[in-house]
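Undergrad: Listed below, chain by chain, are the residues.
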Amino acid sequence: TQLLEQSPQFLSIQEGENLTVYCNSSSVFSSLQWYRQEPGEGPVLLVTVVTGGEVKKLKRLTFQFGDARKDSSLHITAAQPGDTGLYLCAPVGGAGKSTFGDGTTLTVKP
Amino acid sequence: DTEVTQTPKHLVMGMTNKKSLKCEQHMGHRAMYWYKQKAKKPPELMFVYSYEKLSINESVPSRFSPECPNSSLLNLHLHALQPEDSALYLCASSQSLVTWAVHEQYFGPGTRLTVT
Numbered sequence: 001t002q003l004l005e006q007s008p009q010f011l012s013i014q015e016g017e018n019l020t021v022y023c024n025s026s027s028v029f030s031s032l033q034w035y036r037q038e039p040g041e042g043p044v045l046l047v048t049v050v051t052g053g054e055v056k057k058l059k060r061l062t063f064q065f066g067d068a069r070k071d072s073s074l075h076i077t078a079a080q081p082g083d084t085g086l087y088l089c090a091p092v093g094g095a096g097k098s099t100f101g102d103g104t105t106l107t108v109k110p
Numbered sequence: 001d002t003e004v005t006q007t008p009k010h011l012v013m014g015m016t017n018k019k020s021l022k023c024e025q026h027m028g029h030r031a032m033y034w035y036k037q038k039a040k041k042p043p044e045l046m047f048v049y050s051y052e053k054l055s056i057n058e059s060v061p062s063r064f065s066p067e068c069p070n071s072s073l074l075n076l077h078l079h080a081l082q083p084e085d086s087a088l089y090l091c092a093s094s095q096s097l098v099t100w101a102v103h104e105q106y107f108g109p110g111t112r113l114t115v116t
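Read top to bottom, the protein sequences are chains A and B. Quick note on this note's numbering: the first sequence kicks off at 1 and runs consecutively. Quick note on this note's numbering: the second sequence kicks off at 1 and runs consecutively.
Read the hints as simulated data drawn from the structure, not as lab findings. Check the hints yourself; a few may be wrong.
Unchecked claim - Derived contacts from chain A toward chain B, CB cut-off under 7 Å, selection only: (1) Y22; (2) P39; (3) G42; (4) L45; (5) V47; (6) D71; (7) G85; (8) T105.
Idealized CB from N, CA, C, for every residue including glycine.
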């Protein structure tokens, strides 16, 4: 099992603030995905990072894959209440099996 | 259509009941998954079907019985559950399980199960 540690576990900020969420492991991943899950819904894929050192942007969200492909980060600029949710990272590989990280619960207060 | 549907949305059952959760997708995906999720925790993988055959069983108790009648449908049959089995049950699908492909999982909204 590929163990993923996400930090922080909980984060509560005011609208307009910036934040970074981290996903770390001792294992090397072929690729890694970030999902967001809103209350009462299933997780929705935000991005897949494949290449070490890769940076992807999705509006106010910036995703980075570590050079060694063992870690990743998600940075949100000027957070909005609509960004509230559970953020999950998941490796892709093996027999199609993915194990999610512990998740970061983000609350953005208006 | 990138939708995975799940029914029912909510289910309350007693410990002696038998019930089934249903999941459907029409994206032509050949891999389907069942996850269990407790509040504020990540989804935990239970079962994976690939081309209608059970590929992964994460040591799930036999009171949970999956079934994949065809490539679009996935069921989870429940019998003699315990209160600690109360959780959100999520279904997902992806194009395939081929190891060299980066596959996206599409999740349904889940069934909120309460065992009394």
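Undergrad: Does each hint fit the structure? Answer for all of them.
TA: Hints and how they fare:
no., hint, verdict
1, Y22, "violated (15 Å)"
2, P39, "violated (10 Å)"
3, G42, "holds (3 Å)"
4, L45, "holds (5 Å)"
5, V47, "violated (10 Å)"
6, D71, "violated (17 Å)"
7, G85, "violated (11 Å)"
8, T105, "holds (6 Å)"
Hint compliance for this structure: hints 1, 2, 5, 6 and 7 are not met, and every other hint is.
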